[in-house]
Structures are given as structure tokens and as C-alpha cells.
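A.B. asks: Chains E and D, in that order, give the protein sequences.
Under the UniProt record's numbering, read the first sequence as residues 1 to 233, first letter to last.
Under the UniProt record's numbering, read the second sequence as residues 1 to 233, first letter to last.
Don't read these hints as lab results, they were simulated from the structure.
Incorrect hints may appear among the rest.
Said to hold, decoys possible - No more than 25 Å apart at the CA atoms, straight line, and that leaves these computed lysine to any residue pairs for SDA-like:
1. E:K44 x D:S55
2. D:K44 x E:E187
3. E:K44 x D:L209
4. D:K180 x E:G219
5. E:K110 x D:K180
6. E:K147 x D:E203
7. D:K44 x E:L145
8. D:K147 x E:I214
9. E:K180 x D:L56
10. D:K147 x E:T52
11. D:K180 x D:N194
12. D:K180 x E:R224
13. E:K147 x D:E41
14. E:K147 x D:K180
15. D:K147 x E:E220
Protein chains: 2
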Amino acid sequence: MFSSSAAAAAPEQPLAVWARIRLADSRDVPHIHRLIHQMAEFEKLTHLFSTTESSLSSTLFPSPQPPPFLSFTVLILELSPNPFSQSDEEHKDTANPSLFRPIVRRVELKSPLEDPEAVEFASPRGGGAVVVGFVLCFPNYSTFLAKPGLYVEDIFVRAAWRRRGFGRMLLSAVAAQAAKMGMGRVEWCVLDWNVNAISFYEEMGAEVLPQWRICRLTGEALQRYGADGGGRS
Amino acid sequence: MFSSSAAAAAPEQPLAVWARIRLADSRDVPHIHRLIHQMAEFEKLTHLFSTTESSLSSTLFPSPQPPPFLSFTVLILELSPNPFSQSDEEHKDTANPSLFRPIVRRVELKSPLEDPEAVEFASPRGGGAVVVGFVLCFPNYSTFLAKPGLYVEDIFVRAAWRRRGFGRMLLSAVAAQAAKMGMGRVEWCVLDWNVNAISFYEEMGAEVLPQWRICRLTGEALQRYGADGGGRS
């Protein structure tokens, strides 16, 4: 468990944690659900939130599960006060262990941290680790490159752990995977008023496309197309 | 072949054609390649175009081919002066005929049409049909809905056939499919200065999201993430 009491134990030592990014599986559904709800609260969009653990489970972890990064894929970021065991890192329980090997990194914290949600977010993999954030991505396609890419739908780090490079670690993991798979692009969206995020993304090497706007057809407007048979009438 | 000579044959009759939207297969690759190149020319972006027939073929029509709308999916719009034969409509050659039945519609043209590319774009299915446009889409995912949707990467109608409702027919086909599959959204992008397109999309029931901007990591900036192992350094 992470709390400021760790600081008292070794005041002269830098506070170090081990960070791990690994593929999510169905055991992570309750945490993913809570993280998405926190994101909706942060964005003041809870009125648009209708996700349940059951709907997440059936859409993100169907059986059989497609290989990671060829369909909807969730990576979990978790932190532990102790090194992760090697066997756990090898991820023997995933269908395609060769496709994504967990990324593990020792992180020195400049100041002690209080995580009031540490119990609630205890990792299902145990070992005293806590789930801190996630990224959800899926393949997209560029017709000009004739190559798939990865689209990052969500990237989220819990409030207690922000501004410590974990968002960058999650996004870098997706970029590294895209590069490794020979993909052409990684894309995501940002709100135009979020100048801090925009600076951060540009610093990571991304360009923000100023002229494109997203169009969305949803709800009853979408259902009407189902009713009239796809433009037959 | 479509030309203005059809008008001379029956001056009092409305000019009718049959329009069909069907799943593309590997036989359509040469046409898809030419259509994407025309789109790049239209957008003055040929310097970003590096697509070949071979790269399209391997990325859009891999073997085995995933079911339509669960991965990258191309729909072809073709027109014929004669009704399409029923057997051709049934699409016996696709892996999952039940998932998308071709949409066929009789379209009356208000004026005769000259298609200078009719020979070049003769349909690989024969029957005197010509390929007129395409749409490429793939699944995306909403974490607030816990539902997949469809993202429309490209929608294109050749110059000779524009402003006759064929773009709407293609987009409606995607919307109808999304509704039929119980998906939550259809999304696509538009350039902010393209006010005609924006009006058209809004009329179709879509909302344009004003605040979101696309971020893109590509080229050497992306390759660097592959080299450093995903944030390990």
C-alpha cells in the first residue's frame, strides 16, 4: 500500500516504485470500469456514461479473445513498492505472450505520495501493486499509407499519480508497439483548450492537426438509419 | 458504358441507373487504388500518398479475411444501366454473406451523364457496371458506452458522379450497418472550411464536435519510440 508513511521509513533514500505496463484481462474489468467512471467525472461527462462491468467484459474481453492490438486493447499501468516477479512479467496467462511483453521501469518519486484509493485499486495480480491508470487503443487505417495504425481512445492516470511521467509512459508504450508492428501512425484526440496536454503531446513528437473536426452520428439519429434499411428509401 | 448517348435513345424517359453497394474483395484492389489516388489528388496530398496495389491487398484483404465490419472494411458503389442479377446480389463469394447484404437502388438521373473513366473503372463483376466510389470503415470503441462503433476513414465518389446523392448512400449504408450491429456511434472527420460537407453531415443527423483536435505521431518521430523500447529509457 502506498502512503506517506513510506517516507518516514527511509528519509534519506529516494522513494522508488516499480511501474509496470501490462495487457489487461477480464480480471481487470472492475478497475477499468472505475477508471473510466473517474475519467467521466474528470471530464464532467457522467451523463454520457452508461458503461457497466458486464458490458465492458463482453466487448473488451470476448471469447475467443483476438490478439492484442488487432482489436480493442487495454494496457494497465500498475505500481509496486517491490520489484515485479519475473514469472508475473512473462504473462503466461495471455493468449499471445510474444506480442506484448510487459514494460517495467523503476521510478524515483521526488516526494512521498498518499494514495487514498490504494485499497480499492489493489492489483488483481497481487504482490502489493496498485492499479494507477490505463490506456485503451485499437487499430485504425491510413489509405494513403496502406498501413494500419493505432488509435488511442483513452489514456488515464488516477489523480494521486499525475504529473509524474506516467501518462507519457503509457502513450510511449503504445507508440513503441505501433513502431514494432510496422504501423504507420498513432493518433488520438485532445480538447483544443487543453494547452498543457497539447504542449506535452507536441513535445513527444506529435503534430496537432488544426483543421480536422470529428463528426458523430449517434443515438436516435443513428437508429433511424437502421430502421430505413441503409438508404434504400 | 455510361455516356450522354443514352439520353438520345429515350429523350422522354427519365434516365435510370441501378446503384449497388457491396463488400469489396481482392478483385477490387486496382480500382480501390485508383480511387484513393484520385482522393489524394482532390485533397492536393499526393506527396503523402505511398500506397501500392500490393500494400492495399495485403492490409485490406489478408488471408484469412476477418468478418466484415470487425476489421478494415471497404464497400464499393457501382452503377449499372441494367438491373443487377440476383445471384450477384447474394454475394456467394464472400466469407460472411449474412453480415452485409448488398444494397441495391434504382436511381433516376435528372440529366444525362458522361463518364470519361467508364472503361477504366469497369466493375470486376461485369454486367456493364462501373465502379463509382467507395467507403472504408473499421470498428472503433467508446468507453462511455462500452460499445463498438464504426469509424469512416474515407468516403469518395468519382468526379463525374458527384452531387447526386451517392455520398449519402454510402454513408447511410455504414450507418445502417452500425445500427443493425447494435453499435453506438458512427464517426468520421471533416475539414473545418468544408462548410458544404458540414451542412450535409448535419442534415444527415450528425453533430460536428467543435473542440476536439486530432493528434498524430508518425514517421521518424514514431520510429524513435520503437528504437527506445517503449519508454524504458
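A.B. asks: Next, verify each hint and record whether it holds.
C.D. replies: Structure-based check of each hint:
1. Between the alpha carbons of E:K44 and D:S55 the distance comes to roughly 43 Å, so the proposed pair goes past 25 Å and is violated.
2. Using a Cα cut-off of 25 Å, the hinted pair D:K44 and E:E187 holds, with the two alpha carbons roughly 22 Å apart.
3. Taken as a hint, the E:K44 and D:L209 pair is honoured in the structure, with Cα atoms around 16 Å apart against an allowance of 25 Å.
4. Simply put, D:K180 and E:G219 have alpha-carbon atoms about 13 Å apart, close enough for the 25 Å limit, and the pair holds.
5. Between the alpha carbons of E:K110 and D:K180 the distance comes to roughly 52 Å, so the proposed pair goes past 25 Å and is violated.
6. Simply put, E:K147 and D:E203 have alpha-carbon atoms about 32 Å apart, too far for the 25 Å limit, and the pair is violated.
7. Only pairs whose Cα atoms come within 25 Å are accepted, and D:K44 paired with E:L145 is accepted, the gap being roughly 15 Å.
8. At most 25 Å may separate the alpha-carbon atoms for a hinted pair to count; D:K147 and E:I214 meet this at roughly 18 Å.
9. About 20 Å separates the Cα atoms of E:K180 and D:L56, which keeps this hinted pair within 25 Å; it holds.
10. Proposed proximity of D:K147 and E:T52 is supported: the alpha carbons are some 11 Å apart, at most 25 Å.
11. This hinted pair does not check out: D:K180 and D:N194 have alpha carbons roughly 30 Å apart, beyond 25 Å.
12. Distance check on the hinted pair: D:K180 and E:R224 sit about 10 Å apart at the alpha-carbon level, within 25 Å; holds.
13. For the hint linking E:K147 to D:E41, the alpha-carbon distance of about 19 Å falls within 25 Å, and the restraint holds.
14. Distance check on the hinted pair: E:K147 and D:K180 sit about 28 Å apart at the alpha-carbon level, beyond 25 Å; violated.
15. Between D:K147 and E:E220, the direct Cα distance comes to roughly 15 Å. Compliance with the 25 Å bound is thereby established for this hinted pair.
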